[in-house]
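Asker: Chain residues, written in single-letter form:
Number of protein chains: 2
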Amino acid sequence: MNPTIQNQLNHRSIRKFKNIPLTSEEVNLLVDVARHTSSSSFMQSYSILSVTDPEKKAKVAVIGNQKYIAESGHLFIMLADQHRNQLIAEEQGFDTDVLGSFDRFFVASTDAILAAQNILLAAEAMGLGGVFLGSVLNHADQLIELFNLPKHVVPVLGIALGHPDQAPQLKPRLPREIMHFENTYPKLENVCEALKDYDAIVHEYYDLRDANNRVDEFTTQIAKGMTRKHPGRMQLLKFFQGQGFIQY
Amino acid sequence: MNPTIQNQLNHRSIRKFKNIPLTSEEVNLLVDVARHTSSSSFMQSYSILSVTDPEKKAKVAVIGNQKYIAESGHLFIMLADQHRNQLIAEEQGFDTDVLGSFDRFFVASTDAILAAQNILLAAEAMGLGGVFLGSVLNHADQLIELFNLPKHVVPVLGIALGHPDQAPQLKPRLPREIMHFENTYPKLENVCEALKDYDAIVHEYYDLRDANNRVDEFTTQIAKGMTRKHPGRMQLLKFFQGQGFIQY
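Protein chains in written order, with my numbering: chain W, 739 to 986; chain U, 739 to 986.
Note that these hints are calculated values from the structure, not bench results.
Heads up, a few of these hints could be off.
Note: identical chains are not told apart, hence a pair may lie in one copy or across any two.
[Unchecked claim] List time: in silico DSS-like cross-link candidates among lysine-lysine, alpha-carbon distance up to 25 Å:
| no. | residue 1 | residue 2 |
| --- | --- | --- |
| 1 | LYS925 | LYS797 |
| 2 | LYS889 | LYS976 |
| 3 | LYS756 | LYS805 |
| 4 | LYS756 | LYS925 |
| 5 | LYS795 | LYS889 |
| 6 | LYS795 | LYS756 |
| 7 | LYS795 | LYS925 |
Based on the provided sequences and hints, a complete structural model is requested.
Answerer: Here it is as structure tokens:
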């Protein structure tokens, strides 16, 4: 078993940090790791925003409704970014209509998300910890304004990092056979029944984590999750379209 | 410097493979690495398809217009998957309208893409090599049919893996200062001028790789790339909407 895979199999999200900011050397190394990630057609259609201003960090925490964002040792926001490429093309007299396609939004966000995973894993390998923040999508419009994002730039994922001040258990994942298929997508039936053992394992995990805080089984979490309709998240398409993305 | 970060900084895409298929132990380990990746709200809204049928693999290679897909030692296709969760919720009598939101498509594809990066890096750590295949988006409609993907399941990224039969140079990436910002998105101007040195470095890289095959500088690649409008890719939104995603 090699150390990279050991790191990957040991991943836990960390949401409680010591009050120690990351050094600029650490931040630069993480950005370098991001830079060496694959990108679609070598277009590198993403950028990284470091939020070090405590007021802006606090605002992201309020928007995301996650106090630990403000307390993290470093906050990255990964941006799908076609603005830089648009300027390059325009300076050379090329038309950039294609940036309105869903495709060009999607490859840009894919670049940003691949780089995000590399950043988090590198941080974990350095003995740091962190958590992805889908909550930067809660009010994409507010983040766009807060960070002055130009057209064809949107936030896609945040990463809160820091020196861990907790040591959570490994969270049990879906069994392989219900998420890894060969050559064709199988007909799934009676999924709750098929996941009975997994439900019990998840329940035990939550019980061990905090016996006083009764948490649902996996399938119940999923079912109830369908009722979660954050007003900002339900307008995400509109906010991204307002940035010039996903016109067709 | 630790080995995980060394692996990350040494990433090269591999597009030429020895004729050795991955073992089932290797495939299972890579799937386990994927399973331990973070997922949005613990919903694990993604699945992994292994394409081992040589005919189907050849078809993916034709659709992607990349011969090396057929010659790879293993082919994964990462799926944004809300079908399993939909079944779970329906079995419990919950409404699943929310799956039509852009948000629920986007978190599912993010889950799949984060896991993809972990798979590629784990493969590299094992001495294998590989390349991401955005080309699975070329004709998403054809892949949906080929793999019998139900509603709320779409391909988002392929990964061709294998034993490397080439040793490419490290590809030079955009300089940090043009893609990593602090607290606000800066006003970018004269980007081509700012990237003059980088253009020269990229040009030298291609020259060393193959002096006979004249390749553009970075900024010229980006500009010309704006004219690339693959007919299937320009319909990607329509294909994903046909699967029930991104209705609003």
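Asker: Does each hint fit the structure? Answer for all of them.
Answerer: Hint check:
no.: 1; hint: LYS925 / LYS797; in the structure: between (45 Å within a copy, 22 Å between copies)
no.: 2; hint: LYS889 / LYS976; in the structure: both (13 Å within a copy, 23 Å between copies)
no.: 3; hint: LYS756 / LYS805; in the structure: within (14 Å within a copy, 50 Å between copies)
no.: 4; hint: LYS756 / LYS925; in the structure: neither (47 Å within a copy, 34 Å between copies)
no.: 5; hint: LYS795 / LYS889; in the structure: within (22 Å within a copy, 39 Å between copies)
no.: 6; hint: LYS795 / LYS756; in the structure: within (16 Å within a copy, 49 Å between copies)
no.: 7; hint: LYS795 / LYS925; in the structure: between (45 Å within a copy, 21 Å between copies)
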